[in-house]
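S.K.: This is what each chain is made of:
Number of protein chains: 2
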Amino acid sequence: MARAGHRKKRNPATVHQLPFQTVENPYTPVEVLDEEQVEKIVDGALKILSEQGMRFMQAESRKILASAGARVDETEQMVLFDRDMVLEKVALAPSSFGLGARNPAHDLIVGTNKTIFSSVGGPAFCSDLENGRRAGTYDELCDYLKLVQCLNIIHQEGGGAFEAMDLPAESRHLDLYLAQLTLLDKNSQAYALGRERTIDCIEMTAIALGCDRTELRKNPAIMAVINTNSPRQLDIPMSEAVLELARSGQVSCITPFTLAGSMSPVTLAGTLAQQTAEIMAVTALAETAAPGAAVVYGSFSSNVDMQSGEPALGTPEFTKMALASCQIARRLGLPSRTSNTTTSNCVDAQSAYESEMSLWGSLMGHANLINHAAGWLEGGLTASFEKLILDAEMLQMMVKTLEPIKVNDDEIALDAIATVEPGGHHFLTEHTLARYETAFYPTMLSDRKNFEDWREKGSQDTAVRANAIWKKLLLEYEKPAIDVATEEALQQYVAKRKLEIAAQTK
Amino acid sequence: MARAGHRKKRNPATVHQLPFQTVENPYTPVEVLDEEQVEKIVDGALKILSEQGMRFMQAESRKILASAGARVDETEQMVLFDRDMVLEKVALAPSSFGLGARNPAHDLIVGTNKTIFSSVGGPAFCSDLENGRRAGTYDELCDYLKLVQCLNIIHQEGGGAFEAMDLPAESRHLDLYLAQLTLLDKNSQAYALGRERTIDCIEMTAIALGCDRTELRKNPAIMAVINTNSPRQLDIPMSEAVLELARSGQVSCITPFTLAGSMSPVTLAGTLAQQTAEIMAVTALAETAAPGAAVVYGSFSSNVDMQSGEPALGTPEFTKMALASCQIARRLGLPSRTSNTTTSNCVDAQSAYESEMSLWGSLMGHANLINHAAGWLEGGLTASFEKLILDAEMLQMMVKTLEPIKVNDDEIALDAIATVEPGGHHFLTEHTLARYETAFYPTMLSDRKNFEDWREKGSQDTAVRANAIWKKLLLEYEKPAIDVATEEALQQYVAKRKLEIAAQTK
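Chains A and B supply the protein sequences, listed in that same order.
The numbering used here numbers the first residue of the first sequence as 11 and each following residue consecutively.
The numbering used here numbers the first residue of the second sequence as 11 and each following residue consecutively.
Keep in mind that the hints are not guaranteed to be accurate.
[What the hints assert, rightly or not] Chain A side only, calculated, beta carbon under 8 Å to chain B, not exhaustive:
hint, residue
1, G220
2, P247
3, T353
4, C356
[Claimed, not checked] Straight-line Cα separation of at most 25 Å, SDA-like style, residue types lysine to any residue; simulated pairs:
hint, chain 1, residue 1, chain 2, residue 2
5, B, K467, A, G389
6, B, K73, B, L97
7, B, K228, B, G108
8, B, K57, A, P414
9, A, K57, B, L97
10, B, K410, B, F437
11, A, K459, A, L139
12, B, K416, A, P414
13, B, K416, B, P36
14, B, K467, A, L139
15, A, K467, B, A145
16, B, K50, A, A499
17, B, K416, A, L424
18, A, K508, A, S181
19, A, K508, A, E180
20, A, K467, B, S181
21, A, K410, B, C221
22, A, K50, B, D419
23, A, K73, A, I246
24, A, K416, B, D419
25, A, K481, A, E180
26, A, K481, A, S181
27, A, K57, A, A101
28, B, K516, B, S181
29, A, K508, A, P39
30, A, K50, B, L412
Since the hints were derived computationally from the structure, they do not count as laboratory data.
All figures in this text were calculated on a predicted structure; none of them were measured in a lab.
Virtual Cβ for every residue (Gly too), placed ideally from N, Cα, C.
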């Protein structure tokens, strides 16, 4: 789409945003477990692995784990782990590492006291206020990715906001990678379903960064989510991806999908133990294949709604398990990942309070990565254009909350207080005038008009205002600089691979 | 309204609620200030009081403070305090105390690690989805109070949800007290504008509790919010209320309304110092008039929107000042009060995320009392029927988040995990079936239907569902038991006082 004509008219003041920034948490993490409880859960996880084991459906994975001393039942595809072996393997994983971006100013660190906000990844549908919920197209996906580039608060693209249903399933990932690597200069997550898709991502990322595989190994730039098939199972495409990522020096974010009462025990401690067992088992695979491989302890533990059997998200149980998961990850020396979730079907109060519950649990727990931090709706089935804006606002508010209060004579402002008479006001003091432009978080989305003004301007609720904001942002989008030869090389790679895939699938 | 006919048909399952319960916070408070910073702010507050002072418009207050050694400028009505005197007076206030209710099961403790949720108090308007925002009537106020009684998560009525505009202003408080003391058996806050209104509350509470003033002094049952006219000023009605409450053994919740950049410096540290100064000054008055008087350190610090000059609420600055205020209150040995606020004009996503910001700051800071915890909308100008339900849901979720995770063999559930094969599910295990009914928070308001079901059932958003819930609850309302003679005595008191007031105002 040729939007160049708009660029000259761009007024940066139209959408208030915070600058792109590293998010660090200066406060002590909230801990919902004491040390003994953390140990009990880790011990439970080790017992699960030594007594029940985990099924690895891929023969190669079983072979690798057997070589490290695991006991393998080939008929059942089950692998049983000694606790010492598991702990030794987990200890090989780094507690923090970098993730490169095409723009070095957008390079990330995963771990320490930093938190990365990643945009929504994986939904089947997209939605916006005008066109409702629907299967999305590649053009719409590109618009979504442009917004992810525009929104400074988002550190990382989440691996494809939704499926581009107008493209063939076999090669859709190539179009996604091309969009990620040309429309954004931020880091993007990979779509790691199987070995070939993972290799395509590695190859294309190397082209985009202008480096070879050796350099990429030294400075990883690719992370993919590896979902176990809870309880206690890893399928073949996921095994392939873990092995390919580990051997290439790239990152697996290992995330069981454990809904208490369904894929895991109805109890939170049982769910946490099972989650930990599955993560440690997959970590053992990665570390055996490539010692020192970077992994992330990914939590997506929530509960089912016991009335309906549907997933329940952004619940108190979700929040507590996010907090607990961060503690367990720290105990194991791994970076932690949580999510921003809601089951709401529209951008309403529920979508906000479930997301806030998710985000507060994540941030107070010091999660290092929050997946789906912006845009997720409808239990993850939909990426919403308006929810993307709502979440970005909530994330910006969180980041300002993590900015410490300054306390010094200038800030305590006794002189300013002395100049204002009792019952007077500080609007026009020198102290106020010197600071008011930057003193407070300048909201992007909130409406503070009085009721009469608000009604006169059309009684716009948050979703309606968010709709106007993403449209404005899309007009403001500027494609980040990219070397012409690099972009052509990426296009050529995609064209070549599409021909290969077409030949394979004939 | 005669709803007796409905009572027999009542189905308690229609609205899922948690039981009435004491809320305790088992986690370590989040601290945004280090010890040195807290000391600097308290020191700043003491400097404000010794160098600039506070204006007490009431002559009696100045006389009382002079008797305690304060320096008084009668022309300017200014009172200057020595720091030692202030600290000695503040040290006389108890760090915790009880607040009685008509139903002893609803008695409250203010302080320790407990948190009280109080319903909205003070708005000019009411609103609901059908009739919009409007001046409310006494009948509507009674409906609102019935809902406050019904909602178990609310510990305390907040002092009148909105003004009953169909009643005369001079005697409206009597009708409010009658409603509070007969429609509810929970503790209610007083409407403490001036001496007479405060005395009326004390007298009527004594009648309702069947006790005399001596007993009431021993077991306080009345708390009123005392707002300073920031900066550094206390008006006559508020002085009268503080003195009457202190001398009667009742409680002042001293709360400056300090919007950074308007009623206080544009800096957070300056706002906190001024807030602390004003609270300590009013505390010194209460403790001089009645040593040992119970007071609460009330924070309502937020910021103005520097673009519009309107209040900005539920902001990152609000959240941080709530957290900091709880720290300062603990340093001074006083219970702390915060609020649940939003500037939104409707029950939308903004109303939820600003309230969540307020509530998380309050709860993670260990606030002992959250005023306006349920029902507040539109910067406090409106009490909303739907927001009441939305907030009650959010409070319930918070309370469940504060419930510690149990970790023991039964909860880690290794046996249950062993019975479920890899890739299987836990729906029907014995372990699940024995626990599923109580394992998770049973939502009152959230919708977890899949998109198609949700659309088919009318695409109801949170506000629409909240509307249905308050109507159901109102049908379920049962007037709590009250002795006939007590109710008659209350009615007679109101009738007598109305005649007196009518005579005065002729």
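S.K.: All hints, please: hold or fail.
M.R.: Tested hints:
1. G220: It is violated, given that the least Cβ distance between G220 (chain A) and chain B is near 39 Å, above 8 Å.
2. P247: At about 14 Å, which exceeds the 8 Å cut-off, the nearest Cβ of chain B leaves the hint on P247 (chain A) violated.
3. T353: Because about 5 Å separates T353 (chain A) from the closest Cβ in chain B, which is inside the 8 Å limit, the hint holds.
4. C356: Result: holds, 6 Å to nearest chain B Cβ.
5. B:K467 / A:G389: Answer holds: K467 (chain B) to G389 (chain A) is near 18 Å, not above 25 Å.
6. B:K73 / B:L97: 19 Å, holds
7. B:K228 / B:G108: Holds, at about 10 Å.
8. B:K57 / A:P414: The given pair, whose Cα atoms are some 24 Å apart, holds under the 25 Å limit.
9. A:K57 / B:L97: Violated, because 57 Å separates the two Cα atoms, which is more than 25 Å.
10. B:K410 / B:F437: 23 Å, holds
11. A:K459 / A:L139: It holds: about 23 Å lies between the C-alpha atoms, which stays within 25 Å.
12. B:K416 / A:P414: 33 Å, violated
13. B:K416 / B:P36: 13 Å, holds
14. B:K467 / A:L139: Roughly 19 Å separates the two Cα atoms, so the pair holds.
15. A:K467 / B:A145: 22 Å, holds
16. B:K50 / A:A499: Status violated; Cα separation ~60 Å.
17. B:K416 / A:L424: 49 Å, violated
18. A:K508 / A:S181: Roughly 6 Å between the alpha carbons, so the hint for K508 (chain A) and S181 (chain A) holds.
19. A:K508 / A:E180: 9 Å, holds
20. A:K467 / B:S181: With a Cα-Cα distance of about 38 Å, the restraint between K467 (chain A) and S181 (chain B) is violated, given a limit of 25 Å.
21. A:K410 / B:C221: 50 Å, violated
22. A:K50 / B:D419: Distance ~9 Å between K50 (chain A) and D419 (chain B) Cα, so the pair holds.
23. A:K73 / A:I246: 13 Å, holds
24. A:K416 / B:D419: 46 Å, violated
25. A:K481 / A:E180: 31 Å, violated
26. A:K481 / A:S181: Judged against 25 Å, a Cα distance of about 29 Å means the pair is violated.
27. A:K57 / A:A101: Distance of about 18 Å is within 25 Å: holds.
28. B:K516 / B:S181: Cα-Cα ~13 Å, so holds.
29. A:K508 / A:P39: 47 Å, violated
30. A:K50 / B:L412: With Cα atoms ~21 Å apart, K50 (chain A) and L412 (chain B) stay inside 25 Å; holds.
Violated hints for the displayed structure, listed by number in ascending order: 1, 2, 9, 12, 16, 17, 20, 21, 24, 25, 26, 29.
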